[in-house]
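Student: Residue numbers (the numbering used here), protein chains in the order written: chain A, 2 to 118; chain B, -18 to 91.
Bear in mind the hints are in silico, worked out from the structure with no lab data behind them.
Relax, there's no trap hidden among the hints.
Below 30 Å or equal to it, Euclidean Cα-Cα: the simulated BS3-like pairs (lysine-lysine) are:
{"id": "1", "chain 1": "B", "residue 1": "23", "chain 2": "A", "residue 2": "14"}
{"id": "2", "chain 1": "B", "residue 1": "38", "chain 2": "B", "residue 2": "-4"}
{"id": "3", "chain 1": "B", "residue 1": "38", "chain 2": "A", "residue 2": "31"}
{"id": "4", "chain 1": "A", "residue 1": "53", "chain 2": "A", "residue 2": "31"}
{"id": "5", "chain 1": "A", "residue 1": "31", "chain 2": "B", "residue 2": "23"}
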Amino acid sequence: DAGVTQSPTHLIKTRGQHVTLRCSPISGHKSVSWYQQVLGQGPQFIFQYYEKEERGRGNFPDRFSARQFPNYSSELNVNALLLGDSALYLCASSLGAPGLAVQETQYFGPGTRLLVL
Amino acid sequence: QQQVKQSPQSLIVQKGGISIINCAYENTAFDYFPWYQQFPGKGPALLIAIRPDVSEKKEGRFTISFNKSAKQFSLHIMDSQPGDSATYFCAASYGQNFVFGPGTRLSVLP
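Isolated chain A (complex conformation) (with noise of 0.2 Å):
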């Protein structure tokens, strides 16, 4: 079974310009989240969606938007990118629904290196 998938893998854009990511979640689920990981920290959680909408938002500026598609794809977007914006962009996804009573697992893919320069 395919895991989750993002593309590209490695991407270089300079400043001011905007970039668009690209995952695929593990067959059957319906709930994605981005996470940024800056080199030597942990990931930090950007966005969570589920059925297309929006159920979660960390705290990063309106630079970042996300969207979810029906087959449950989803697009991370960063406008205006600043050097501080390379890093490593995860990909989650999970089951079911937030709010369930029982916790789901999240399961990453391999991300997708950006360097902004």
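Start from chain A and add chain B according to the hints.
Tutor: For chain B alone, coordinates are given in the frame of chain A:
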């Protein structure tokens, strides 16, 4: 209150030794505590997880100890191997809200 603290920042262990990583949290709403293993250039992979209704969970060489009253939990890696060399992250969550610790870089010497 959303922060998860993790120590040590780095750890060097001889092959066959025990690796111990500790985490602490403040938010009592957290109800799920996973540990992730991450190799360079890869995404984190779930290693083992525990819920607060048990004090210990063991899977192979990996054990989580959980102290609800102290709001602390730890990962023990028995018989550590060079292949265990990686960065380990603890996390705490409620619902889909995951908060990660800053990570521990483990090096197991042959």
